[in-house]
Amino acid sequence: MNERLVLVGYGMTGHRLLTALRTAGGLHGRQVTVLAEETRPAYDRVRLSECLRGTRPERLLLDDVTPGGDGAGVRVHLGDPVVAVDRAGRLVTTASGRTLGYDVLVLATGSRPFVPEVPGAGAQGCFGYRTVEDAEAIRARASRARTAAVVGGGLLGLEAAGALRALVPDTHIVEFAPWLMHRQLDEQGGRTLRRHIEDLGVTVHTGTRVTQVTTDEHGRASGLRLATPDGDPLPGVDADLVVFAAGVRPRDELARACGLVVGPGGGIVVDESCRTSDPRVHAIGECALTPDGRVHALAAPGFAMADVVADRLLGTAAAFTGADTSTSLKLLDVAVASFGDALGETPGTHEVRYLDTAAGVYRNLRVGDDGRLLGGVLVGDSSGYAALRSLTGAGVPGASSAGDLVVPGPAGAAVAGRMPDDATACFCHNVSVGTVRRAAAADGRPDLDGVRRRTRAGTGCGSCVPALASLIDEQLTAHDHG
Amino acid sequence: MGRSVGRRVVVVGQGMAGARFVRRLAAWAPDVRITVYDTETRPGYNRLLLTGVLAGRHRPEDISPPQVPGIDVHAGVHLVAVNRNTRTVIASDGTAQPYDTLVLATGNRPTHPWRLGRAGDGRPLHTLTDCLRLREDTRKGRTSVVVGGGLLGVETALTLAARGQDVTLVHRGRHLMDRRLDAAAGAMLRAVLRDCGITVRTGASACAPLREPGATGVVLDDSSVVSADTTVIACGVTPRVGLARAAGLAVNKGLIVDDALRSVTDPSVHAIGACAEHRGVVHDTALPAWEQADVLAARLSGHDRGATYRGTRVLTRLAAAPVDLAVFGVTRTDGPTTRGPSAPTRPDTDVVCLSDAVRRTYKKVVTRGNRVVGGILLGDLSTVDVVRRAYEEAVPLPQDRVHLVSAAGAAS
Amino acid sequence: MIEPTGTTTHCPYCSLQCGMVLRPTDDRTDHAGPPAPTTPATPLSVEEWPGFPVNRGALCGKGRSAADLLNPAVRLTTPLVRDRPGAPLRPATWNEALDRVASGVRRIRDGHGAEAVGVFGGGGLTNEKAYLLGKFARVALRTPSIDYNGRFCMSSAATASNRAFGLDRGLPFPLADIAATDCVLLVGSNLADTMPPALRYLTELTGRGGRLIVVDPRRTRTAAQAHLHLQPLPGSDLALALGMLHIAIDGGLVDTEFVARRTTGFEAVRTIAMDYWPTRVERLTGVPVHQLRQAVQTLAAAPAAMVLTARGSEQHSKGTDTVHGWINLCLALGKAARPRSGYGCLTGQGNGQGGREHGQKADQLPGYRSLTDPAAREHVARVWGIEPADLPGPGRSAYELLDSAGTPGGVRALLVFGSNPVVSAPRAAHVEERLRALDLLVVSDVVLSETAALADVVLPSAQWAEETGTLTNLEGRVVLRRKAVDPPPQVRTDLQILSALADRLGVPHGFPAEPRAVFEELRRASAGGPADYSGISYERITGEGGVFWPCPDEEHPGTPRLFLDSFATPDGRARMVAVDYRPVAEPPDERYPLYLVTGRVLAHYQSGAQTRRVPALRAAEPGPFVELHPHLADRLGVAEGDQVAVVSRRGRAVAPARLSTAIRSDVVFMPFHWAGPGRANTVTNPALDPLSGMPEFKVCAVRLEPVTAPVPDPAHKNVRHIVGHGEAAPHAAAPVTSRT
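Residue numbers (our numbering), protein chains in the order written: chain G, 1 to 482; chain V, 1 to 412; chain F, 1 to 740.
Since the hints were made in silico from the structure, they are not lab data. Note that beta-carbon positions come from the ideal geometry of N, C-alpha and C, so glycine has one too. Among the hints, a few may not be true.
[Said to hold, decoys possible] If you only want the chain V side, here are some residues facing chain G, beta carbon under 7 Å, derived:
hint, residue
1, 90
2, 93
3, 97
4, 179
5, 348
6, 351
7, 353
8, 354
9, 355
10, 357
11, 360
12, 402
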């Protein structure tokens with residue numbers, strides 16, 4: 001009899017699980033059912049801010065994985081969240097009353113926006129920032145708003161603010177931490193980023209907490225009361241639109257209700273194979289608390305977990321051993337990247353820093369005692385990012401040192417050609433530089449598509465594509481000279 | 001020959017400025033009568049080469065240029081008075097010498113943290129005599145303490161360490177060379193000194209020599225003791241302007257001179273070198289001293305009567321192996337009121353900074369608008385020429401500023 | 001040595017004098033014996049001659065395309081005369097042309113004295129020509145007014161070498177020794193572009209683990225090969241050399257034993273060097289202290305080392321002193337007078353070395369003798385069959401000679417042989433003006449150069465492959481350039497021209513037209529002189545792959561390596577000359593804030609009169625350019641390819657911008673191979689070295705101005721015009737640039 005797989009949640013992580021299974025032929029011989037709360041098929045949540053800018057939500061949809069060949073189909077029920085799990089009976093029940101049996105249950109319930117418990121946080125004009133519906137509601141409100149405040153100066157908040165600034169005359173960011181993106185950037189990085197954001201006309205308040213959302217006579221949000229982290233009052237700001245983008249909390253309520261072990265701060269406890277305390281139940285993505293004690297709220301770790309579960313289902317012994325939390329993006333036209341041990345948490349790290357305040361460029365590489373590159377922060381100019389990230393954990397190649405690589409421009413980018421074989425080229429699929437080189441060498445005239453096909457490198461987040469291209473170039477050049 | 005200025009030139013001091021001036025003047029105006037008074041008994045010498053003497057690379061006689069023939073030199077004699085009315089100087093040997101032009105090149109003297117004199121009180125490293133004594137001391141002892149972590153103190157500590165001394169450097173400021181360096185550069189310099197085996201104690205004031213039987217060294221303000229066989233005082237210098245002040249010439253930190261290097265009080269009196277204050281600046285390094293000497297000699301000899309001195313934008317250099325350091329202009333952008341390291345203090349101030357804890361290099365250039373106003377190059381001076389030109393010649397900077405701190409980044 | 005079939009000969013260009021084989025392109029292998037000279041209609045091909053030791057078969061693009069110069073379409077094929085100032089040049093017979101010259105010379109001599117007739121020679125002339133030209137001036141014209149363009153080349157190094165070593169030979173060792181030494185300090189030479197076949201000796205050196213240090217304001221292709229590249233401000237080399245000596249003294253690196261035993265003058269040199277402490281030198285030169293130290297340590301640590309200079313360090317108003325600075329450093333470190341060590345000058349022109357040894361220099365007589373030395377005058381006068389008292393004394397140096405043209409007390413007639421000063425002299429617009437002011441300008445050349453175009457009489461002369469003669473390359477190796485083809489019918493050799501002119505001037509004997517006869521006389525004239533050729537014969541040269549002078553008799557093996565036992569001074573010790581730094585003659589200021597450096601490019605040679613006529617070379621580098629740093633371009637708003645004017649106190653030169661990070665941002669570079677608006681020497685400064693007469697080609701103060709209006713390029717017009725002249729109607733009136 002076919003194995004019954006029930007997937008709860010159809011976000012990016014859940015979608016990744018299905019893609020991974022299908023790629024490996026794992027849908028065949030399985031009866032897969034997806035039960036989703038959202039009314040849309042899986043979409044690219046990373047690009048949510050595009051919706052704020054007016055992009056039609058359909059354009060964010062991910063590949064449809066439901067039609068399968070050889071009778072392998074995936075059934076998807078949208079807008080019908082699971083409300084109960086009977087682990088003993090291996091049954092789930094949905095809001096619409098549907099009951100389904102499972103052999104394997106995968107929870108990919110994701111997270112919800114964190115909204116601070118302050119008076120007025122639920123007022124009209126206050127929004128979370130997670131779903132297409134959120135984005136559409138914010139956009140509708142923004143068209144009438146004069147001032148907007150985004151609570152949260154992390155990635156999500158900055159993206160929201162960036163989109164709002166085109167819609168609302170006066171936009172503020174309020175961040176509790178002493179600097180922006182403090183999970184990814186060090187202080188100078190945060191400060192450099194702040195200058196860019198301020199240059200765009202967004203007012204930034206760091207080291208600031210929201211103590212109240214004030215409302216007008218109609219109960220609509222009108223402003224924020226602010227204070228220092230210690231509670232000393234600060235001047236407030238007007239805001240007829242408030243967006244909470246101050247982090248997320250795992251959606252673990254279903255797991256709690258059915259008695260799965262949940263972490264004290266939330267998150268469904270899983271082991272290296274992403275199994276919960278019930279061996280038939282897996283949890284992946286932002287709802288899971290992984291063995292490193294963290295809830296990973298980024299796409300890449302979620303993908304990694306999905307891949308682990310797919311591999312397990314197919315009988316291999318893959319393990320989630322922590323994920324690369326590297327980030328590289330254009331945030332409001334400012335390049336921001338953070339990778340590896342970006343904040344130098346490893347004992348004995350040395351800093352190699354480059355700062356150009358006029359250009360708004362800050363780059364900081366962390367180097368271990370043994371000379372290995374451990375991680376770094378790049379703001380304003382992320383040239384060489386792919387190569388630098390690939391070198392993370394490996395020795396700095398050749399005669400160059402981090403001091404050469406930290407300087408923006410060709411010196412940093414040129415390093416790709418000298419990457420050691422054991423460096424990682426693609427983090428999404430953990431493909432080494434040597435593997436890419438061998439794949440490129442195996443093709444007579446290697447190209448990016450060929451290398452992608454052979455190695456899977458570059459088919460994840462795509463951030464390593466420049467590095468792949470230079471490795472392919474290296475191979476082409478070797479051919480020409482040989 | 002500048003006959004309008006006078007034919008009898010009296011020069012006081014034959015340090016870097018005085019000796020250069022005399023050589024230039026004698027070459028350009030052989031018929032001028034030059035009289036030199038110098039408190040040191042040795043002939044003039046190149047002070048920059050003193051550390052070479054300390055390190056044993058030069059014999060004392062190697063660093064003295066040959067005496068200019070035909071010059072009347074009174075060595076070991078100091079002046080007791082200048083009578084500006086009669087244009088006469090009175091020397092300690094009782095002689096009087098009339099002048100048409102008086103050139104003061106009296107230099108500076110080391111600042112002492114306490115009265116020196118007795119053995120174990122320590123001594124400065126200022127004159128050739130100091131240098132020879134110190135060389136002798138370090139042959140006998142094994143440990144030294146250097147009091148003062150400015151440029152000279154750091155340089156001395158490095159030289160002593162290179163001679164195999166076990167060195168402790170005591171500095172009152174919060175970080176090394178705190179009047180010139182920002183905190184990050186100071187920390188990097190400290191790491192470099194530590195690599196050289198030097199113990200650095202900052203935020204610690206040496207307040208007295210250690211005077212206990214059988215023990216020498218210094219006592220710090222927290223009552224702790226640094227014992228050492230040799231104590232070197234490097235607490236800065238003060239312009240020697242007593243004679244000028246007594247003669248009623250305008251003196252601030254140094255004798256105040258105009259662009260002709262003339263005293264603003266008396267046009268027959270000139271000052272050059274470390275005793276002169278020009279546009280509010282007292283230079284105590286060799287290059288400005290030579291520039292001033294050359295300008296004055298050109299004016300007085302008639303070689304170039306229109307020569308003027310407009311100041312020197314000088315890069316202060318520390319050049320004691322293995323440390324390379326250049327520092328100039330505005331470097332401190334990390335005042336206590338600002339938010340963190342390297343943050344500009346003025347809105348139009350920017351910095352470009354490359355700091356490498358692995359290579360122990362720290363390079364920072366401070367700009368205002370598109371001009372360089374200051375900088376620090378520590379450990380790697382490969383861009384010094386580009387930076388110097390941008391600073392000295394006030395050439396507008398291009399958008400791209402990597403080249404100021406990275407030779408690798410500039411070449412492509 | 002194995003002789004290949006075909007004619008073994010030597011390249012027409014630089015001082016390497018690379019060996020090559022010329023063969024008619026339709027040469028059949030069934031030829032027996034040496035091939036007969038072919039007619040000009042038969043094109044020759046240039047082939048490798050691996051057996052020649054200097055270049056071992058390697059040739060650069062200039063050498064490979066050299067046969068194109070024989071193309072009648074690009075060259076002069078008949079004498080030309082101008083009927084009156086302002087009239088066009090028209091073809092003439094040889095008789096008419098030579099009569100014009102002789103009568104003009106006589107008239108001017110009668111009216112203004114013998115010294116009013118001047119001769120201007122070239123460093124590309126063979127030894128025979130240089131010799132006969134000097135003799136012609138002194139015996140037939142009886143004028144002291146002779147000098148040559150070699151004055152613009154290596155006269156500073158020559159002067160310094162003579163003073164320091166008692167002898168001037170470009171390299172005191174064979175080029176191949178460079179590959180075998182341990183460290184080379186190469187100053188102001190971009191031999192990767194200027195003499196590419198020599199680069200192999202540097203790459204062999206570095207391949208063996210030897211160190212290469214290059215001093216150049218630009219990161220040239222040569223500098224890019226170096227382990228250490230010092231990039232000083234133009235004109236600051238002497239401060240650099242003094243600073244390096246200071247560091248050597250300070251670091252105890254001086255070879256005191258060598259200095260004491262083999263040199264004199266060190267104490268005075270030392271005293272000056274002490275004034276050049278590192279940070280001062282850094283400020284004067286722009287070279288960071290750590291690089292100075294590294295250079296000195298590398299040089300001192302090498303068991304054997306060489307210091308080689310070229311025009312970059314020499315073409316300055318203090319060029320001689322600068323060379324002394326480098327020689328002093330070399331001597332202080334004990335890197336001389338031992339195998340694989342020493343100071344050398346990389347001579348530039350094809351016969352730059354031989355050309356300065358045999359009497360076309362204002363102050364010299366054959367055999368590298370001094371014109372003021374009574375014994376030398378006596379010896380040469382005897383060979384020439386005249387009274388020593390009848391030998392004129394020393395004359396003006398090259399620029400002074402040109403500068404005097406047409407002025408009271410200056411020359412009124414000038415006979416130019418193998419030189420193009422309108423392009424190659426400093427402050428060239430002024431020189432051109434002076435030449436226009438002459439009563440008589442006669443130019444003997446292969447092509448209608450910019451100088452020939454101004455002449456009253458143009459004499460078409462034979463070139464390298466059309467006549468036999470010896471040249472002395474940069475090593476002091478005398479080589480034989482052999483004739484491979486006959487010149488066109490209306491073309492004569494310079495020796496024939498001199499012989500005919502002497503005859504017309506009433507000196508019928510003593511001016512043979514046969515090279516061998518001239519060489520035999522040269523041998524006698526040089527005998528006993530510093531550059532003694534008396535043991536050298538055409539046969540020995542052919543048999544031995546060249547012979548190194550001095551070679552006092554036929555049994556003498558020649559002297560590949562000089563000074564091993566003793567320097568050529570009276571006491572056998574090298575002189576360390578106390579020299580002090582002084583700034584450039586024209587330092588940058590607010591109006592002219594930049595340094596201009598001039599130099600050469602790979603595809604062209606000297607004034608370009610030859611190479612600009614070779615299609616492949618013209619295609620490789622079609623015109624002048626201004627090289628500048630992107631930062632400077634950014635500041636001026638100049639983009640790649642924009643026309644920019646380089647303006648000095650003497651004029652402006654306009655050329656497209658070429659952006660490069662290889663140059664300092666306070667320096668611009670222009671190659672000097674072109675005439676017209678892009679003529680670099682319009683801008684250069686004729687400030688002269690007081691000892692050598694070398695002009696300050698290498699540095700002057702300029703500003704850059706963006707140019708908006710398109711500028712026509714008459715250089716190209718010239719080329720087209722001359723091609724047309726040759727192709728269409730060789731005997732038709734040639735409408736060339738007229739004199740006013």
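Please flag the earlier hints that this structure goes against, numbers listed from lowest up.
-> 1, 2, 3, 4, 5, 11
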